[in-house]
Amino acid sequence: MSFRYEIRLSGEGGQGLVLAGKILAEAAAIYDEKNATQSQSYGPEARGGASRSEVIISDEDIDYPKAVNIDLLLAFTQEACKRYYHDLKENGILLGDSEAITQVPEGKFQVYRVPIMDIARKEVGKVMVANIVALGIISSLVKVISEEAIEAAILSRVPKGTENLNLKAFKIGLETGKNLLVKSEA
Amino acid sequence: MKQKNDQFEVKVITGNEACAEGALAAGLRFFAGYPITPSSEIAEILSMRLPAVGGKFIQMEDEIGAMGAVIGASLVGSKAMTATSGPGFSLKQENLGYAAMAEVPCVVVNVMRGGPSTGLPTLPSQSDLMQARWGTHGDHPIIALCPHGVRETYDLTIRAFNLSEKYRVPVILLLDEIIGHVNEKVIFDKKEKFELWQRETPDVPPENYLPYKFTESDVPPMVSFGKGYRFHVTGLVHDETGFPTNNSEQIIKFLQRLNRKIDRYADDIIQVHEDSEEGAKIGLFAFGSTARSAKNAVNLAREKGVKINFIRPTVLWPFPQKHVARLADQCDCIIVPEMNLGQMAHEVEWASAGKTEVIKVNRIDGEPIRPSEILDAIMERV
Chain F
1 MSFRYEIRLS GEGGQGLVLA GKILAEAAAI YDEKNATQSQ SYGPEARGGA
51 SRSEVIISDE DIDYPKAVNI DLLLAFTQEA CKRYYHDLKE NGILLGDSEA
101 ITQVPEGKFQ VYRVPIMDIA RKEVGKVMVA NIVALGIISS LVKVISEEAI
151 EAAILSRVPK GTENLNLKAF KIGLETGKNL LVKSEA
Chain W
1 MKQKNDQFEV KVITGNEACA EGALAAGLRF FAGYPITPSS EIAEILSMRL
51 PAVGGKFIQM EDEIGAMGAV IGASLVGSKA MTATSGPGFS LKQENLGYAA
101 MAEVPCVVVN VMRGGPSTGL PTLPSQSDLM QARWGTHGDH PIIALCPHGV
151 RETYDLTIRA FNLSEKYRVP VILLLDEIIG HVNEKVIFDK KEKFELWQRE
201 TPDVPPENYL PYKFTESDVP PMVSFGKGYR FHVTGLVHDE TGFPTNNSEQ
251 IIKFLQRLNR KIDRYADDII QVHEDSEEGA KIGLFAFGST ARSAKNAVNL
301 AREKGVKINF IRPTVLWPFP QKHVARLADQ CDCIIVPEMN LGQMAHEVEW
351 ASAGKTEVIK VNRIDGEPIR PSEILDAIME RV
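Chains as they are written, first to last, in the working numbering: chain F, 1 to 186; chain W, 1 to 382.
If we strip away everything but chain W, and leave its shape as in the complex, we get (with noise of 0.2 Å):
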């Protein structure tokens, strides 16, 4: 048997219980939320943490209420998340749209679960992937980040702090519920240093301060209420001020920016993971849980001297649209499987411009896709 060791620890924990870690990692202060599954543990175990490290965490009288108090604590300078599930996240979308607009820097897990409505409370989904990008009205940045197993939350859900607080935008998580509560080996080295982002801060006194300044970068740098600067934030379109306007320039000029800003660092933000091979003509593209699934089939289709080229991304909004196209071009057929009706097989029907058939593998009973199903499903194209 295994005796301790200093440098290394071995722990079994589940995606939920990462996800809670790697926010305190991140410098996470402030949770509000109401209980949901499959995400409730976050909250239980943040209840617990939160308070030990100085911070706060408020159980809301709803989802509706949990957003709002996030949007404020981050306006006054707490690194602020909340999680919730389907349901729960139709709620939160009001508020997601308020902080994608004031342009306030949070964190929003979503464990995603059957649906619609109440759906399916215990079992696994990817339902909600256009809700992610499309949930809240108008024309509104986003990111969101998906993973596909416990390590890979822990380090996902880093990096949503970091790009949220970089760009100034809601980042959502996608888990699943297979994601969310499946335990797992995970080794952390004690010794290894996270880098984080905090928000760009003025370099300029309050009488001069602009909060949505135009600036190069498109984000404007950003003061926490408290610090002697008065600003006002508000959902209305808005000028350099923060003040409404109805001025059709300003108009355009913000909401340019505001999608903007994401849009031309979406080569900063995409991730994905390739695994290629010379000459393959079978494209297969899948994400979270299910790529696990997929990855599984990628191997047995190898030993049967398939050639494959297998793309894994752990963000999905901005969409990975350049990879798609080459892939597309590479491949007779791109495989998607995924635990919905074909939402993410229409945005790569998207990407791919009608240079490759889009295959689609679907499950929508709760139960995960099996590998031999993607392997049924690739063993058709050879």
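Same shape as in the complex, but just chain F (with noise of 0.2 Å):
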């Protein structure tokens, strides 16, 4: 049976959520060999306003590449949750940053609040790598891409010298995600 995920990474220009979903998309199309696009929305600012990058991943030809009915969305601002969360489908995954994140917007989705930022900023050591950090978060809680794949993707596409700390950030984020799926199971 065919299908398309749609993730959603909202938040500010300059938290590199563009480059995430450029990662994972070139993890789904070139190392997954499924179909993927990635596409962003932004202002005209170069840091802060209103930023999203959105990422649609099937096993067919990918008609409109912009997320209309979303399987997951990262906010690492509230401003973003509120405004996007209304197209999350039911039985969605909402993952945001707890600092962030206070009003949790009610519905049918799933929630999970993480501190994303702090971990990125005390357990790697760079909070700039949170975009990483959440990679390995969306790793362990979808399906449609392989943990192997976004590795590869990361790798290929940070810049030289910070593979290493990427690469922590990323095991980190994985971990964190699994934790995250034992404790909503149990």
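These are calculated hints, taken from the structure and not from any lab test.
Each hint should be verified, as a subset may be incorrect.
As the list claims (entries may be wrong) - Mimicking DSSO-like on lysine-lysine, the simulated pairs with C-alpha atoms at most 30 Å apart in a straight line are:
1. Lys160(F) <-> Lys190(W)
2. Lys11(W) <-> Lys171(F)
3. Lys360(W) <-> Lys281(W)
4. Lys160(F) <-> Lys360(W)
With the hints as a guide, bring the two chains together.
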């Protein structure tokens, strides 16, 4: 059976969401041999301003490259969460940074509030890699892209010399995600 | 996980990257431009890639200068291109007219964003459709191509160069912010060879060369500066020698040939993708990124048992009048979705000559038209 999986990564400009989206698309399209598109919407500002990056993954041709019925929404800011949760589908996943998201919208979706920024800052050592920590968590929660594919895509995409830092961020994200699943099943 | 393959290369790239790569594959050796969102990546990539293949990249003082530089480069024999968006496209119009008048092959990429003026710099639009046709003054020939995906952007960029060389005409490649910035899976066959057309050169010695000679094809052979041939290039109406004329007979002869050289080859230039069903009474005409929403809407409608005749042109100018006229004969209505207030619908109305109703679906807020909006328009007619 054919499938279409929609991911929206949202927050502010400068948080690396476009790069994270591109990594997911490359993981699915190049390493997992599926179809994928990644698109973005951002304001005229270089930093700040609402930013969203969308990834569609499918085993068929992707006509419409934008998200309309979202399976997973990542929100790094309250503003993005408020603005974008409406498109989440029933039983979809809302993954939010727990420092930023204080008001959780109500709806028939699974909510995970995780201190992503804090993990990046304290456990990995650089808040800049919060996007890669998020990819690790997403990798645990989402089964349409393989862990190996995401890891390979991260390594081919991040700047030279930062591979170990990003790999560490990804692994910590993966563990965090797996613990979330254990908790939610318990 | 997939392993490397020798023949096929799988990439995830944007329309802007595909445009830059397609231009290089077409033989681009000169780019002049001025950065502007959402086209800047084309310039950025070519600033790195062109010097590596012996080409030249110049960031000019503004868009007017960039267009002038492109014309100059083409006159010395380089395949030349510039890339811009709405406000820059407005500035290029004067020299674009010069290129049309002096019959200088070149490619102008316009990655459309919301307008008018500086408008919506980061958001998509399809509102430069008429500017692509009539942005510069006077009766002039032009070709405009419009892809709906990343791979097609690569292919149509090559075609843009081929058409400009063959007909000695500026060719406009209309992308929009969605196509320019969307990352999409593209498979390249490393063994694939593209047919590349070069401008026809004269077979006469310099003393017999007439740069604007009337020939059977209506496209005069063109020589590059620096090859020992002397000729005059002007924006004034000129005769076969290239020098200005006010002679009525010469003016008429020249302007008719200038425009006829595209009109008479329109059937060879125009390309449309037709997806028809026997007995369908609903027509749909969509281009660029909106065609993707339309394609999705067609699939959804067909799941409901609704028959649709869908036309997606990749050449917007010259306009595919015959195809639209046929669609108007077959259907009770033609739905035209577009990210503007109805520029394409206006042209479809003209081509369908009152034989069918033209229904507009428009968006002007920088958001793409959703498939459901087109599906709603379809279902209203069922």
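So, going through the hints one by one against the coordinates:
1. Lys160(F) <-> Lys190(W): 27 Å, holds
2. Lys11(W) <-> Lys171(F): Since the Cα atoms of Lys11(W) and Lys171(F) sit roughly 26 Å apart, the hinted pair holds (cutoff 30 Å).
3. Lys360(W) <-> Lys281(W): Satisfied, since the Cα-Cα distance of roughly 17 Å is no more than 30 Å.
4. Lys160(F) <-> Lys360(W): 50 Å, violated
When held up to the earlier numbered hints, the structure conflicts with hint 4 and nothing else.
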